[in-house]
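There are 2 protein chains.
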Amino acid sequence: MVIPGVEVSLRRHPGLRVVLYGDEKVIQPLLERHPLVKARSSLVHTDVWVNMNDKPSQALRRGRRVSSMWLALEAVKNSEATVAISAGNTGAWMAMAKFVLNTMPGISRPAMAAIWPTSRGRSIVLDVGATIGADAEMLVDFAIMGEAMARSLLHIDRPTVGLLNVGVEEIKGVEEVKAAGRMLRNSQLPIEYYGFVEGDDVGKGTVDVVVTEGFTGNIALKTAEGTARQLASYLKAEMGRSLLSKIGYLLARGAFASLKEKMDPRNANGGVFLGLNGIVVKSHGGTDPVGFASAMDIAVEMASNELVQKIAADLASKQNLMELNEAIEQPKTAAAS
Amino acid sequence: MVIPGVEVSLRRHPGLRVVLYGDEKVIQPLLERHPLVKARSSLVHTDVWVNMNDKPSQALRRGRRVSSMWLALEAVKNSEATVAISAGNTGAWMAMAKFVLNTMPGISRPAMAAIWPTSRGRSIVLDVGATIGADAEMLVDFAIMGEAMARSLLHIDRPTVGLLNVGVEEIKGVEEVKAAGRMLRNSQLPIEYYGFVEGDDVGKGTVDVVVTEGFTGNIALKTAEGTARQLASYLKAEMGRSLLSKIGYLLARGAFASLKEKMDPRNANGGVFLGLNGIVVKSHGGTDPVGFASAMDIAVEMASNELVQKIAADLASKQNLMELNEAIEQPKTAAAS
Numbered sequence: 000m001v002i003p004g005v006e007v008s009l010r011r012h013p014g015l016r017v018v019l020y021g022d023e024k025v026i027q028p029l030l031e032r033h034p035l036v037k038a039r040s041s042l043v044h045t046d047v048w049v050n051m052n053d054k055p056s057q058a059l060r061r062g063r064r065v066s067s068m069w070l071a072l073e074a075v076k077n078s079e080a081t082v083a084i085s086a087g088n089t090g091a092w093m094a095m096a097k098f099v100l101n102t103m104p105g106i107s108r109p110a111m112a113a114i115w116p117t118s119r120g121r122s123i124v125l126d127v128g129a130t131i132g133a134d135a136e137m138l139v140d141f142a143i144m145g146e147a148m149a150r151s152l153l154h155i156d157r158p159t160v161g162l163l164n165v166g167v168e169e170i171k172g173v174e175e176v177k178a179a180g181r182m183l184r185n186s187q188l189p190i191e192y193y194g195f196v197e198g199d200d201v202g203k204g205t206v207d208v209v210v211t212e213g214f215t216g217n218i219a220l221k222t223a224e225g226t227a228r229q230l231a232s233y234l235k236a237e238m239g240r241s242l243l244s245k246i247g248y249l250l251a252r253g254a255f256a257s258l259k260e261k262m263d264p265r266n267a268n269g270g271v272f273l274g275l276n277g278i279v280v281k282s283h284g285g286t287d288p289v290g291f292a293s294a295m296d297i298a299v300e301m302a303s304n305e306l307v308q309k310i311a312a313d314l315a316s317k318q319n320l321m322e323l324n325e326a327i328e329q330p331k332t333a334a335a336s
Numbered sequence: 000m001v002i003p004g005v006e007v008s009l010r011r012h013p014g015l016r017v018v019l020y021g022d023e024k025v026i027q028p029l030l031e032r033h034p035l036v037k038a039r040s041s042l043v044h045t046d047v048w049v050n051m052n053d054k055p056s057q058a059l060r061r062g063r064r065v066s067s068m069w070l071a072l073e074a075v076k077n078s079e080a081t082v083a084i085s086a087g088n089t090g091a092w093m094a095m096a097k098f099v100l101n102t103m104p105g106i107s108r109p110a111m112a113a114i115w116p117t118s119r120g121r122s123i124v125l126d127v128g129a130t131i132g133a134d135a136e137m138l139v140d141f142a143i144m145g146e147a148m149a150r151s152l153l154h155i156d157r158p159t160v161g162l163l164n165v166g167v168e169e170i171k172g173v174e175e176v177k178a179a180g181r182m183l184r185n186s187q188l189p190i191e192y193y194g195f196v197e198g199d200d201v202g203k204g205t206v207d208v209v210v211t212e213g214f215t216g217n218i219a220l221k222t223a224e225g226t227a228r229q230l231a232s233y234l235k236a237e238m239g240r241s242l243l244s245k246i247g248y249l250l251a252r253g254a255f256a257s258l259k260e261k262m263d264p265r266n267a268n269g270g271v272f273l274g275l276n277g278i279v280v281k282s283h284g285g286t287d288p289v290g291f292a293s294a295m296d297i298a299v300e301m302a303s304n305e306l307v308q309k310i311a312a313d314l315a316s317k318q319n320l321m322e323l324n325e326a327i328e329q330p331k332t333a334a335a336s
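Protein chains in written order, with numbering that gives the first Met the number 0: chain A, 0 to 336; chain B, 0 to 336.
Keep in mind the hints are simulated off the structure, nothing from the lab.
Owing to the predicted nature of the structure, the values given are computational and were not obtained by experimental measurement.
Keep in mind that a hint or two might mislead.
Identical chains share a label here; the pair holds if one copy fits it or two copies do between them.
Claimed, not checked - Derived DSSO-like pairs (lysine-lysine); straight-line CA-CA distance at most 27 Å:
1. LYS97 x LYS76
2. LYS317 x LYS261
3. LYS54 x LYS24
4. LYS24 x LYS37
5. LYS37 x LYS317
6. LYS235 x LYS245
7. LYS245 x LYS203
8. LYS76 x LYS37
9. LYS177 x LYS54
10. LYS203 x LYS261
11. LYS259 x LYS203
12. LYS97 x LYS54
So that you can see chain A by itself, here it is in the shape it has in the complex (with noise of 0.2 Å):
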C-alpha cells in the first residue's frame, strides 16, 4: 500500500519527490506498475529492514547504519529529505528516531502527537504513547510543540491549548497536571492557555491542542476509536435487520456515505513524532493507499510550514516561563516556612 499511497499524495503534491529505502526486487516491480512514482523518486535498496515483531533494542542493534528505518532517517539529518515517514514497528521508528535526529535542544523526551476529528473540525493530542509518564515541565514541553503543530498543519493563528484532567476545578487532578496548568498559566510564552479539559472535551474540540501524558493519551486515543467503530457496528447491524430499515438505508445512502468519510480513520492517519531535530511521521500499519497518503499530506504540510523552526523559537522563549516559574515557587515556599 505504500507505493500506490505515495502515487496519490505525488498527485497532490506538484512539487514532491520521494525517496525509497527498502528491498529493490520487492520495490522495483512495484515501481514499473507505478510509473508516477517510478519518475519522480529514487530507490535507494537495503538487505535489511525492521520487522513488525522486533524490539525497539533489537532493531538499533541490527538496523544500525543499514536498515532502511535507518536510511530514511539519515537522510533527514543530512538535509537529504525534509521528513522521513514510514508504516513499519512504531517502537522501532521512535527509538531509532530519537537515536538519529536526536531530541531537540530543551527537549528531554519526544511526543507522539495525534490528530483528533472533533465536533468542530480537528484537534491535536499529544502525547500518545511516545513517552510513558510525564512531570510538569515535560507536559509544558508539549503544550508548546503541539501548539506550533497546530499553527503549521491546522493553520490557527493563535490555537488554544488545555491540559487534559480529571475535572475543570483547579483542585482536581495528578500534581504534575496541576503544576503545568500554573506554569502555563503564569507564563510569558505566546500560548493560549484554556486550562484544563476533561475527556469528553477532546471531541468536543473545546480546545486545538490537548496535552496529557502518554499513558493516558494512547488508552484514550484507543477507547475513542474502539467506540467509533463500536458504534458503526451497532449501526451496520441495525440497518440490516429488517427490510425497512434497509429500504431506508438506501433511500437515505447519501447520508450514510457522508458519515462514513467524516468517522473514516483513514482521513486521520498519521501519527507525529514532535521534539525531535527533524519531522518524523507514522502512518498506521494497517492502513490502505488513501490512509498512506493522508500520513503523508500530513508530512508535506507540516514541512511546508516550518515546523520544527517554529517549535525551536517557542523553545528559546520557554527559558523565560522556567525563571518566572521559579520566581512564583519561591514566595510561596518562604510563606510556608
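Chain A is already provided as a structure; the job is to place chain B on it using the hints.
Chain B alone, transformed into the frame defined by chain A:
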C-alpha cells in the same frame, strides 16, 4: 427526578423499601403526587444538605452528622439500609462514604466502578476517578473488587479480568501495571486473569472487568462518552440534510430507535463505590427518572447478591497472593546482587 425514579424502581422490585433523606418541604409534596413511593418509603427530614459546588472537605465539615448524605450513609453503617444512593456532588459523596463506612480490611483506598456497554454486552471498568494514582497492590485490589462485582451484577461465574495498558506485550507500560500483572498471573486467587488490554478492547468487551488507575479510567470513560455523543450528532445532522435521507430515516426509524436504546447512557447510569463496608451508588446528577431507576436497579442487584461479602471473602485470600509474590520476587533480587 429522584422521586419519579424511585417509583419506577419500586414497581420493578416488589420487596424494596426506601428511606428518603432531605428537606420535607420539598419531598412531601412530591410524595403526594407519587402515592406508590409514599406507601413504600419513610422520610427523614434534614435541614442541611451538600451543594453541588461544595468541596469534599467543606461538605465533611458542614454536613457531618446532620446532612442528608451523612444520614443515608449512617443508615447503611447501622444496617438500617442495605445500600445508599445519591445523585448529588460526587466528590462529597465519596469523601463522606469513606468517612462514615470506612474502607474494608486490607483495602487502602476505594474505587469507583462504571458499567460499560460493549459489543458483547456489559463490562465493568474501575477505577473511574475515586483514587488518583494507584500502586500495583491497589490495582490487584481493584481486580478483586471488580471481579466480585461482575459476579454479583452481571451474573458471570468466572469473569475475565484485564489490566488496561498501552500495549499487549509484556515489556510495555508503567511499572505499577507490569507489577500488578505479575502478581495477578502468579497468584492463587480465583481470578481469571486475561493479561493486558488496550483502550479499544474496552468497547469490544475483550474482558468482563477492566482494571486501571483512576486518572486514566476517568479520562477513558469521558472520552468514550464524548465520542458516542459526537457520532450521534453527526448521524442526526446527516439524516436531516436531504429529503431522501429524511424519508430513509422515517422508514428505518425502528432501527434508529433500537440504536438509540443501545447507546442510551441512562442504561449504564450508576457508578459503584467499591472497597467500603457497605454498598454505595452514585447516579449521574443530570439524568432523568429512567436513569435514576437504572442506578437503583444496580444497587438492588448488588445488595441482593451480597457484593460486600463476596469481596470480603476474596480479600481474605489475598494474603496468600502477597506472600507468594514475595517468594517470587526474592530469588530475582538474589540473582541481581
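### Task
Go through the numbered hints given earlier and state which of them the structure violates, listing their numbers in rising order.
Violated hints (numbers, rising): 2 and 5; every other hint is consistent with the structure.
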